[in-house]
Amino acid sequence: MKYFFLIFSLLIFTFFFYKGLQKDPTIIPSNLIEKQIPNFKLRKTEFFSFFDKSNLLEHREPIIINFFASWCPPCKVEHPNLMKLSENFKIYGIAKKDNDIKISEWLKESGNPYTAIGLDDDGSASINWGVYGLPETFIVNNQGKIIYKQIGPITKNELKKINNILK
Amino acid sequence: MKFLFLTLLFFYSAEKVKSVEPNEILENKQLEKVAREIGKNLRCLVCQNEDIENSNADIAKDLRLLVRKKLLDGESKKEIIDFVHSRYGDFVLFSPPLRFDTLALWILPLVFFLFLLYLFFRRKN
Amino acid sequence: MIAELGIYFLILTLIFSSFGFSQPIFSIFNKKIIFFSQERLSTLIFIFTFLSFFCLTYSFTISDFSLKVVTNNSNTQLPLIYKITGVWGNHEGSILLWLLVMTFFGFLFSIQEINNKEIKTKTLYIQNSLIFLISLFIILTSNPFQRSFPPEIEGSDLNPLLQDPGLIIHPPLLYLGYVGFSIVYSISLAVLLFKINSNDFVKVLKPWVFASWTFLTLGIGLGSWWAYYELGWGGFWFWDPVENASLLPWLTASALLHTIIISEKRKLLLRWTLLLSIITFTLSLLGTFLVRSGVLISVHAFANDPSRGLFILLLLLLVVGTGLFFYVKSENFFPKRNQIHLISKEGAISLNNIFMLTLSFTILLGTIYPLFSSIIFNTKISVGAPFFNSILAPITLPLVIGMIFGPFLKWGNDDLINLVSRLKVLLFIFLFSALLIWYLNYRGPVLSIIFFIFSGLIITSSLFELTNFISLKPKIKFKKVPMKNISQLIAHIGIALLIIGATGTSVLKKEKIQFQDPNQVIPISKFEVKFMGVKNIEGPNYISEMGEFQIFKNGRFLKSLYPEKRFYNSSDQVTTEAAIYSTIIGDLYIAIGDKNLVDKDKSWTTRIWFNPFTIWIWIGILFLSFGGLISLIKSVRKK
Numbered sequence: 022m023k024y025f026f027l028i029f030s031l032l033i034f035t036f037f038f039y040k041g042l043q044k045d046p047t048i049i050p051s052n053l054i055e056k057q058i059p060n061f062k063l064r065k066t067e068f069f070s071f072f073d074k075s076n077l078l079e080h081r082e083p084i085i086i087n088f089f090a091s092w093c094p095p096c097k098v099e100h101p102n103l104m105k106l107s108e109n110f111k112i113y114g115i116a117k118k119d120n121d122i123k124i125s126e127w128l129k130e131s132g133n134p135y136t137a138i139g140l141d142d143d144g145s146a147s148i149n150w151g152v153y154g155l156p157e158t159f160i161v162n163n164q165g166k167i168i169y170k171q172i173g174p175i176t177k178n179e180l181k182k183i184n185n186i187l188k
Numbered sequence: 009m010k011f012l013f014l015t016l017l018f019f020y021s022a023e024k025v026k027s028v029e030p031n032e033i034l035e036n037k038q039l040e041k042v043a044r045e046i047g048k049n050l051r052c053l054v055c056q057n058e059d060i061e062n063s064n065a066d067i068a069k070d071l072r073l074l075v076r077k078k079l080l081d082g083e084s085k086k087e088i089i090d091f092v093h094s095r096y097g098d099f100v101l102f103s104p105p106l107r108f109d110t111l112a113l114w115i116l117p118l119v120f121f122l123f124l125l126y127l128f129f130r131r132k133n
Numbered sequence: 036m037i038a039e040l041g042i043y044f045l046i047l048t049l050i051f052s053s054f055g056f057s058q059p060i061f062s063i064f065n066k067k068i069i070f071f072s073q074e075r076l077s078t079l080i081f082i083f084t085f086l087s088f089f090c091l092t093y094s095f096t097i098s099d100f101s102l103k104v105v106t107n108n109s110n111t112q113l114p115l116i117y118k119i120t121g122v123w124g125n126h127e128g129s130i131l132l133w134l135l136v137m138t139f140f141g142f143l144f145s146i147q148e149i150n151n152k153e154i155k156t157k158t159l160y161i162q163n164s165l166i167f168l169i170s171l172f173i174i175l176t177s178n179p180f181q182r183s184f185p186p187e188i189e190g191s192d193l194n195p196l197l198q199d200p201g202l203i204i205h206p207p208l209l210y211l212g213y214v215g216f217s218i219v220y221s222i223s224l225a226v227l228l229f230k231i232n233s234n235d236f237v238k239v240l241k242p243w244v245f246a247s248w249t250f251l252t253l254g255i256g257l258g259s260w261w262a263y264y265e266l267g268w269g270g271f272w273f274w275d276p277v278e279n280a281s282l283l284p285w286l287t288a289s290a291l292l293h294t295i296i297i298s299e300k301r302k303l304l305l306r307w308t309l310l311l312s313i314i315t316f317t318l319s320l321l322g323t324f325l326v327r328s329g330v331l332i333s334v335h336a337f338a339n340d341p342s343r344g345l346f347i348l349l350l351l352l353l354v355v356g357t358g359l360f361f362y363v364k365s366e367n368f369f370p371k372r373n374q375i376h377l378i379s380k381e382g383a384i385s386l387n388n389i390f391m392l393t394l395s396f397t398i399l400l401g402t403i404y405p406l407f408s409s410i411i412f413n414t415k416i417s418v419g420a421p422f423f424n425s426i427l428a429p430i431t432l433p434l435v436i437g438m439i440f441g442p443f444l445k446w447g448n449d450d451l452i453n454l455v456s457r458l459k460v461l462l463f464i465f466l467f468s469a470l471l472i473w474y475l476n477y478r479g480p481v482l483s484i485i486f487f488i489f490s491g492l493i494i495t496s497s498l499f500e501l502t503n504f505i506s507l508k509p510k511i512k513f514k515k516v517p518m519k520n521i522s523q524l525i526a527h528i529g530i531a532l533l534i535i536g537a538t539g540t541s542v543l544k545k546e547k548i549q550f551q552d553p554n555q556v557i558p559i560s561k562f563e564v565k566f567m568g569v570k571n572i573e574g575p576n577y578i579s580e581m582g583e584f585q586i587f588k589n590g591r592f593l594k595s596l597y598p599e600k601r602f603y604n605s606s607d608q609v610t611t612e613a614a615i616y617s618t619i620i621g622d623l624y625i626a627i628g629d630k631n632l633v634d635k636d637k638s639w640t641t642r643i644w645f646n647p648f649t650i651w652i653w654i655g656i657l658f659l660s661f662g663g664l665i666s667l668i669k670s671v672r673k674k
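Residue numbers (this note's numbering), protein chains in the order written: chain A, 22 to 188; chain B, 9 to 133; chain C, 36 to 674.
What the hints contain is simulated information worked out from the structure, not anything from laboratory work.
Please note that the accuracy of each hint is not assured.
Restricting the straight-line Cα-Cα distance to at most 27 Å, the calculated cross-link-like pairs of lysine-lysine (BS3-like) are [as the list claims (entries may be wrong)]:
(1) B:Lys41 with A:Lys56
(2) C:Lys637 with B:Lys78
(3) B:Lys48 with C:Lys547
(4) B:Lys69 with C:Lys302
(5) C:Lys415 with A:Lys182
(6) B:Lys48 with A:Lys74
(7) C:Lys302 with A:Lys23
(8) B:Lys37 with B:Lys86
(9) B:Lys77 with C:Lys302
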């Protein structure tokens with residue numbers, strides 16, 4: 022009887038640690054999935070179209086919200102994939118703690134995937150969306166509900182996943 | 009491997025240098041004390057196990073300022089913690105909320121204790 | 036060339052330890068097959084491992100960048116001492132150090148004088164088998180002698196945080212503790228596996244338990260002290276998973292230590308002694324697994340590699356599975372135990388053990404709960420300092436009560452009313468002490484008052500115990516105090532001092548953070564701190580911004596403190612070196628932040644703390660270690 026208990030608990034522990042080895046402890050899932058877009062305030066840029074929450078709710082098809090910055094290296098890495106996405110879907114950009122001119126220079130050189138851009142100077146919009154690093158990307162459906170969050174740059178694999186979701 | 013590298017780049021590496029900056033500290037000592045209490049319960053999400061009071065990561069600083077701003081606006085400790093919790097989920101709280109799935113965390117130690125009492129002191133024939 | 040030698044010696048260790056494991060098995064079929072005795076094998080294995088470790092150290096010393104570990108963890112500009120300590124400032128080197136200590140202790144055990152030859156041989160059998168597994172792990176997953184081709188010209192550097200005197204001895208001390216419990220495990224498993232019918236095993240176990248516990252105490256204390264002065268904001272314990280991992284075996288070892296006392300004196304709890312031996316070493320291994328596998332997030336995290344994690348997991352399973360299996364199997368092997376009465380010395384010790392084990396269990400639970408929860412419930416939660424701090428008080432306070440009254444209880448069966456009447460005087464002294472401490476602290480938070488009172492009671496009760504050894508008639512004479520009482524007194528007083536220091540530092544801390552101008556004076560506690568400005572200084576491998584602060588007390592100049600911010604040349608890392616002025620009543624702790632860029636008038640962000648009673652933490656830990664040392668010496672001498 023005691024042997025059974027011993028073997029059973031050892032198996033349980035093994036199972037858990039083995040599973041634990043396969044998980045990435047640094048990925049934090051979003052708490053806003055299946056919830057409505059939060060309230061947020063942005064500052065208008067000098068060079069690009071602006072948007073606010075009401076603009077996001079106007080759509081009949083899914084849209085993408087991408088948190089980025091011109092000073093963020095992984096954002097530059099995902100940029101080509103964003104350009105690809107922007108061919109079929111509208112992408113709204115929120116630049117965190119960034120500079121109008123630097124954004125404009127970068128996008129002029131690499132291309133602009135964004136339908137509109139807003140500036141989050143104090144990080145409050147980022148907090149409202151539960152963003153903790155850059156880049157982070159959200160997919161919002163046609164009812165204003167957040168259905169997916171991508172943490173980190175959108176790589177080729179992630180691009181496939183996102184395209185599947187958007188269909 | 010490349011993805012791992014990018015993910016690591018993604019996280020802002022926190023130096024072990026700073027904590028609250030002088031210009032963040034509230035004038036009102038009582039409010040600042042509450043801010044610290046709240047801060048000790050909030051996790052710096054990109055650090056390796058620090059609270060927002062003891063990290064100089066961007067997100068930690070933003071959250072510190074947010075907490076103090078909300079306190080000045082008159083919000084209560086519970087309201088502020090609930091707000092941050094609603095945005096970032098359970099992970100941001102250093103003491104897990106009391107729920108069905110976290111119940112074990114609080115109950116198991118007691119069960120263990122009683123079990124040991126039984127093992128040590130039971131009547132033996 | 037030297038690196039090749041290093042790996043060859045390691046392979047020799049593997050081969051010879053495999054003999055240790057396999058010979059007895061083959062000898063069942065052919066008695067003539069034993070070429071090497073376990074003792075001889077232990078000696079050989081130690082020599083080989085030592086040589087292997089020497090080769091690695093040599094490679095670091097000459098900055099042989101054809102080795103990957105040297106490239107990743109060292110640098111030609113590094114001072115020699117840190118080139119050497121860089122050997123264990125990384126995963127591969129530190130596991131090799133672990134192996135070295137394991138073979139060293141095996142060797143020590145082999146030359147120890149033990150009456151019962153069977154215990155000696157069988158213990159070494161288990162130890163050599165463990166050594167086989169660890170050396171296999173190193174060769175398969177953590178080879179420190181891996182070459183990088185082409186060789187680099189310069190290394191990356193040792194993490195600046197690790198370039199510190201504290202880090203020279205912290206890992207070795209800690210490993211002496213962790214790995215010492217491998218012998219404790221080996222003895223216990225040998226007794227269980229081979230059904231060695233002897234009460235000697237407690238005597239054999241005792242010195243190893245005390246030695247390992249003492250080293251572990253010092254190792255953890257050193258780590259905590261290092262974190263305090265190195266990390267820049269005066270914390271000494273962060274409930275980081277790796278810190279918790281070191282505390283778990285320490286707590287079970289403390290329970291084991293007390294259980295051995297009962298086992299020796301009253302022949303009770305023999306099976307608990309064996310069980311705790313197995314659990315303590317398992318927890319030592321578990322600590323290793325948690326840190327090196329990538330399963331948890333921790334400030335201590337080594338480079339993570341799942342294949343290592345898998346191997347260690349299997350190793351853990353083997354060690355704990357085998358141990359517990361034979362433990363359960365041995366149920367009828369020991370004489371029927373008598374009941375333990377709650378009101379008795381062994382009752383108090385047992386109750387305290389229960390609290391220590393519960394604390395250990397709770398800390399383990401809190402540390403791995405996020406992992407469980409993410410797999411079962413698919414949630415991601417954090418269990419951090421607030422949780423651990425909240426469970427600490429309810430468990431520590433009953434422990435303290437046990438420490439206060441335990442020594443006065445009789446063995447076997449005591450009577451509560453009798454006890455109270457015996458201790459009439461002491462209870463009165465307790466009341467007086469409690470009121471006095473309360474009066475001195477009434478302005479502080481309630482929890483700190485409670486902890487101070489309880490610490491005071493521990494000290495009072497220990498001193499009162501000493502009065503048992505003073506006879507008053509016919510004239511005042513001091514009887515000789517037995518060593519075991521001395522070690523107990525010193526250790527328990529150590530705990531009291533530790534509680535005082537920890538409570539003061541965390542609960543009663545005073546803080547002043549501001550922009551400070553040169554010549555501006557900030558008052559804090561009874562001191563005045565005058566900022567004199569910041570200079571740029573060049574170090575061996577860094578550039579430093581060094582601040583000068585003059586400390587005054589009641590207008591009288593005491594000393595100058597020089598906190599720094601160091602910018603290391605080879606990496607982009609910055610470290611804060613706080614400046615600390617320690618006194619008996621507390622530490623003045625100063626760190627500089629950034630230059631104030633807004634008002635360009637030379638003011639800097641300065642952080643000044645006053646941490647009451649901090650020094651008593653370290654003194655308490657030294658007392659604890661000293662108590663352990665005395666017990667160790669006594670248990671070795673008795674043979």
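Hint check:
1. B:Lys41 with A:Lys56: Given pair Lys41 (chain B), Lys56 (chain A) is violated - Cα atoms ~33 Å apart, limit 27 Å.
2. C:Lys637 with B:Lys78: Between Lys637 (chain C) and Lys78 (chain B) the Cα gap is close to 32 Å, so the pair fails against 27 Å, i.e. violated.
3. B:Lys48 with C:Lys547: holds (18 Å)
4. B:Lys69 with C:Lys302: violated (59 Å)
5. C:Lys415 with A:Lys182: This hinted pair holds, its Cα atoms lying about 23 Å apart.
6. B:Lys48 with A:Lys74: violated (32 Å)
7. C:Lys302 with A:Lys23: Given that 27 Å is the threshold and the Cα spacing comes to 25 Å, the pair holds.
8. B:Lys37 with B:Lys86: Holds: Lys37 (chain B) and Lys86 (chain B) sit about 19 Å apart, inside 27 Å.
9. B:Lys77 with C:Lys302: Given that 27 Å is the threshold and the Cα spacing comes to 64 Å, the pair is violated.
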